[in-house]
Amino acid sequence: MAKNTAGHRSLWSSIKRSKACYLMLAPFMIFFIIFTVVPVVMSLPMGFTDFDMVQPPKYVGLSNYTTLFLSDRVFIKSIRITLIFAIVTGPVSYVLCFLLAWLINELPPKLRTFFTLIFYIPSMASIYFVWQIIFSGDMNGYLNSLLIRLGVVTSPVQWLTDPKYILKVTIIVQLWISLGAGFLALRAGFQNIDPALYEAGAIEGISTRWQELIYIVIPSMGPQLMFAAVMQIVASFTAGAVAQNLVGFPSTDYSAHTVMTHAYDYGWVRYEMGYASAICMLLFIAMYLLSRLISKALSRYMD
Amino acid sequence: MSQINTAKLKASNRRAGRKIGGTVAIFLFLLVLGAFMLFPIYLALVMSVKPVEELFIFPPKLYVLRPTLDNYRDLFAAMHRNRVPFSRYVFNSVAVTVSVTVLQVLFASMAAFVLAKCRFPGSRIINSIIVISLLYQSNVIYIMQYIVMAKLHLIDDPLALILPSVASPLGLFLMRQSMAQMPDSMIEAAKVDGAGLFRICWQIVIPNQKPALMTLIIFAFQGAWNIQSGSLVFQEQYKTLTTAASQVAASGMARAGVASAVSVFILVPPVIVFTLAQRHVIETMAHSGIKE
Chain A
4 MAKNTAGHRS LWSSIKRSKA CYLMLAPFMI FFIIFTVVPV VMSLPMGFTD
54 FDMVQPPKYV GLSNYTTLFL SDRVFIKSIR ITLIFAIVTG PVSYVLCFLL
104 AWLINELPPK LRTFFTLIFY IPSMASIYFV WQIIFSGDMN GYLNSLLIRL
154 GVVTSPVQWL TDPKYILKVT IIVQLWISLG AGFLALRAGF QNIDPALYEA
204 GAIEGISTRW QELIYIVIPS MGPQLMFAAV MQIVASFTAG AVAQNLVGFP
254 STDYSAHTVM THAYDYGWVR YEMGYASAIC MLLFIAMYLL SRLISKALSR
304 YMD
Chain B
730 MSQINTAKLK ASNRRAGRKI GGTVAIFLFL LVLGAFMLFP IYLALVMSVK
780 PVEELFIFPP KLYVLRPTLD NYRDLFAAMH RNRVPFSRYV FNSVAVTVSV
830 TVLQVLFASM AAFVLAKCRF PGSRIINSII VISLLYQSNV IYIMQYIVMA
880 KLHLIDDPLA LILPSVASPL GLFLMRQSMA QMPDSMIEAA KVDGAGLFRI
930 CWQIVIPNQK PALMTLIIFA FQGAWNIQSG SLVFQEQYKT LTTAASQVAA
980 SGMARAGVAS AVSVFILVPP VIVFTLAQRH VIETMAHSGI KE
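Quick note, the sequences are listed as chains A and B, same order.
All you need for this note's numbering is the position in the first sequence, starting with 1, plus 3.
All you need for this note's numbering is the position in the second sequence, starting with 1, plus 729.
Just so you know, the hints here were simulated from the structure itself, not pulled from any lab data.
From the three backbone atoms N, C-alpha and C, an ideal C-beta is built for every residue, glycine too.
There may be inaccurate statements among the hints.
These stretches of chain B come out as covered by chain A in the derived footprint (C-beta under 8 Å, 3 or more residues) [claimed, not checked]:
1. 840–850
2. 859–869
3. 890–902
Not close to chain B: a few residues of chain A, all C-beta gaps over 12 Å, as computed [to be verified]:
4. Lys-61
5. Ser-74
6. Asp-75
7. Ile-82
8. Ile-90
9. Val-91
10. Phe-122
11. Ile-124
12. Met-142
13. Gln-161
14. Pro-166
15. Leu-187
16. Asp-197
17. Tyr-257
Model the full structure from these sequences, guided by the hints.
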């Protein structure tokens, strides 16, 4: 008991000693708590309720979750599509982000800004309508008109409505916009590497770009690699906007119906917010576990 | 001093196994891939200066025969016809973008510094809450956020566009990850010299984090510039330029031409800020060059 109060006292004294830390943290935390933490905490129990936004939420236990797994066939299909989508776009664009950030860094400084901008622009621009015209199902679509003139196909291909192509087209466009926050963070990471490290490496006998990358660059970029991984997980698992803007909602035969699209469907179309938030909760658990796994894998590059 | 720097820069240019051929190959590879990345942007640009009759000719052209600024003229005319003058939208956008960017950068940098470099009760928990908040995406959050804002009487108040965005967990996470690599010895030395945490943060740590800081500014600006008034403010006089332009694109006169003009127009300020910020990074790295 005495030990316990002593523990309390030392905790209290270390809190008091860290006053300056809390002061510097305060401006961020105040707004973060009000506008992010409180809404998130309020939304956590919603998955166990029936909530239509008109009447107050009604507790229904686990029934949303049992319905999801036992009788919602579209949900099961959306899991499969999300997994395909995430397994393709996640790693590919992660590697692409890193590889391009590195290759750009190998160029003279003047060219770096130029190329970083070129690869980053797609994630800034929202121009789904251009992709819709490129993949348009009539002969006026850029791709169709090109293929017809080349004689590859004789009649226009329904890129955006034929279930055979919908997911592929969506993945291409998702990859196109995926050089976003993670890519820029990695670029910043490359720019922040102490040049003395390279010199030391050269003296130690590193003789190629590849060796430099593996022995110097990667070990000193653990934190940025983790940041990019989290961004990538979120982008590839919560994807839905691309499909909705590109191939319409719902897509033909639910071919590009991701888990997030399913949540959107129940939340904003059917106003079954309880059900929608149960879907989001499952997605969050999956993403959280994956991020822990990646963090473990990268832990040897962290300090 | 400058002699040492040039000597070191030369040394760093002689880095491991750099052959000019390899660099040229990398340049060409990036050029080809870059052209593919830029192609849809180029199309949007071309479409925004196409006259109506050229939008639907077959086969579709990759260039414009008779370029016109009609689409842009239509866009600005449509925004002018609204109940508030065009300058009002500009003012709103500047006010929202500048205040969100400045506050977000200040708050996130300070918080990131203490979370990366100080041990205090609660620091570990806060660190994991930040990551969790990035991973937890749910459309229910927006409803709850709306309820919170209604309770604070922020709905239809211009502050509704600013306050929810000033604390960005993404910005904090970015800065924290970058600061984590800074050697503690630098901070300890400053502490011995009697500098307070606040001074250490702004005079020693932040100036050393230029690349991450500029990236944070780019993210903050981009996010702030694209804030959609949407369901938070209803009065036309509080709406931002991007909201007004998107309204035009979404309204009846949304021909492909005007829609492209809108997206090109909205893209310009972030591209300018991006270029300035990146150039600043490269200049400071070239001047101070080596950090000790």
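Hint numbers not upheld by this structure, sorted from lowest to highest:
10, 11, 12, 15 and 16
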